[in-house]
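Student: Please work from the sequences and hints to get the whole structure.
As you go down the protein sequences, you meet chains A and B in turn.
For the first sequence, the working numbering assigns the number 1 to the initial residue and increments by one for each residue that follows.
For the second sequence, the working numbering assigns the number 117 to the initial residue and increments by one for each residue that follows.
What the hints contain is simulated information worked out from the structure, not anything from laboratory work.
Every residue gets a Cβ at the ideal spot worked out from N, C-alpha and C, and that includes glycine.
Heads up, a few of these hints could be off.
Stated by the list, open to error - Straight line, CA to CA, 30 angstroms or less: simulated BS3-like cross-link-like pairs of lysine-lysine:
{"id": "1", "chain 1": "B", "residue 1": "119", "chain 2": "A", "residue 2": "42"}
{"id": "2", "chain 1": "B", "residue 1": "132", "chain 2": "A", "residue 2": "42"}
{"id": "3", "chain 1": "A", "residue 1": "57", "chain 2": "A", "residue 2": "42"}
{"id": "4", "chain 1": "B", "residue 1": "154", "chain 2": "A", "residue 2": "57"}
{"id": "5", "chain 1": "A", "residue 1": "42", "chain 2": "B", "residue 2": "186"}
{"id": "6", "chain 1": "A", "residue 1": "83", "chain 2": "B", "residue 2": "119"}
{"id": "7", "chain 1": "B", "residue 1": "154", "chain 2": "B", "residue 2": "132"}
{"id": "8", "chain 1": "B", "residue 1": "154", "chain 2": "B", "residue 2": "119"}
{"id": "9", "chain 1": "A", "residue 1": "78", "chain 2": "B", "residue 2": "154"}
{"id": "10", "chain 1": "B", "residue 1": "132", "chain 2": "A", "residue 2": "57"}
{"id": "11", "chain 1": "A", "residue 1": "42", "chain 2": "A", "residue 2": "78"}
{"id": "12", "chain 1": "A", "residue 1": "42", "chain 2": "B", "residue 2": "154"}
{"id": "13", "chain 1": "A", "residue 1": "57", "chain 2": "A", "residue 2": "83"}
{"id": "14", "chain 1": "B", "residue 1": "186", "chain 2": "A", "residue 2": "57"}
{"id": "15", "chain 1": "B", "residue 1": "119", "chain 2": "A", "residue 2": "78"}
{"id": "16", "chain 1": "B", "residue 1": "119", "chain 2": "B", "residue 2": "186"}
{"id": "17", "chain 1": "A", "residue 1": "57", "chain 2": "A", "residue 2": "78"}
What the hints assert, rightly or not - Covered by chain A, according to a simulated footprint, are these stretches of chain B (three or more residues, beta-carbon under 8 angstroms):
{"id": "18", "region": "129 to 135"}
{"id": "19", "region": "221 to 230"}
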Amino acid sequence: EPEVTQTPSHQVTQMGQEVILRCVPISNHLYFYWYRQILGQKVEFLVSFYNNEISEKSEIFDDQFSVERPDGSNFTLKIRSTKLEDSAMYFCASSLGTSGLADTQYFGPGTRLTVL
Amino acid sequence: AQKVTQAQTEISVVEKEDVTLDCVYETRDTTYYLFWYKQPPSGELVFLIRRNSFDEQNEISGRYSWNFQKSTSSFNFTITASQVVDSAVYFCALSEALYFTGTASKLTFGTGTRLQVTL
Numbered sequence: 001e002p003e004v005t006q007t008p009s010h011q012v013t014q015m016g017q018e019v020i021l022r023c024v025p026i027s028n029h030l031y032f033y034w035y036r037q038i039l040g041q042k043v044e045f046l047v048s049f050y051n052n053e054i055s056e057k058s059e060i061f062d063d064q065f066s067v068e069r070p071d072g073s074n075f076t077l078k079i080r081s082t083k084l085e086d087s088a089m090y091f092c093a094s095s096l097g098t099s100g101l102a103d104t105q106y107f108g109p110g111t112r113l114t115v116l
Numbered sequence: 117a118q119k120v121t122q123a124q125t126e127i128s129v130v131e132k133e134d135v136t137l138d139c140v141y142e143t144r145d146t147t148y149y150l151f152w153y154k155q156p157p158s159g160e161l162v163f164l165i166r167r168n169s170f171d172e173q174n175e176i177s178g179r180y181s182w183n184f185q186k187s188t189s190s191f192n193f194t195i196t197a198s199q200v201v202d203s204a205v206y207f208c209a210l211s212e213a214l215y216f217t218g219t220a221s222k223l224t225f226g227t228g229t230r231l232q233v234t235l
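Tutor: This is how it looks when you write it as structure tokens:
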């Protein structure tokens with residue numbers, strides 16, 4: 001069964017460093033998403049991406065964050081200058097995006113980001 | 117604005133007991149989607165079910181069943197004869213429909229209910 005994959009599973013970085021989190025969505029899906037979950041808290045939406053551009057973003061997704069689909073398979077989240085409060089589990093998700101149908105987002109296993 | 121409330125923070129049951137996880141939502145949209153996801157101790161988010169706002173038919177899948185009531189804005193989840201493997205955090209989520217495509221947009225999650233099933 002197709003699944004969303006994410007690398008790395010765990011990333012440790014120093015405050016102020018740039019990190020890139022990578023995701024490979026399900027191959028025929030058209031919508032891509034990033035969410036984050038601070039330890040013990042709820043899952044929060046960061047950004048959605050469709051047709052090579054951001055379709056929606058939350059207030060969390062400030063200028064420190066960017067997303068990119070550098071090729072036909074990868075979808076990346078970049079944090080330019082990490083802060084301690086960026087420590088969280090980051091989930092990538094994808095959905096089919098077929099018009100007229102309810103759409104389910106399938107999540108990857110997550111990348112745990114620890115900022116020291 | 118959309119909001120999902122899961123008032124039960126943590127529930128503990130003994131194996132074979134039935135358990136119901138509550139979910140209450142708020143939205144101004146007339147067309148929306150409701151979801152349940154399971155997060156086991158390993159941390160991934162596993163999709164369980166999706167419901168459209170215009171389909172109030174309840175659903176049963178094995179030991180799982182869902183009760184959707186628009187009149188009370190609730191979408192409750194029942195596990196019958198719980199098992200230790202059901203121990204996880206369960207999230208209810210809401211998504212509005214993007215009318216021009218008919219596809220769902222961002223998910224708004226509740227705070228989750230931690231279910232602990234013991235022997």
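Student: Could you check the structure against the hints above and give me the numbers of any it violates, in ascending order?
Tutor: Numbers 10 and 18 - these are the hints that the structure violates, sorted from lowest upward.
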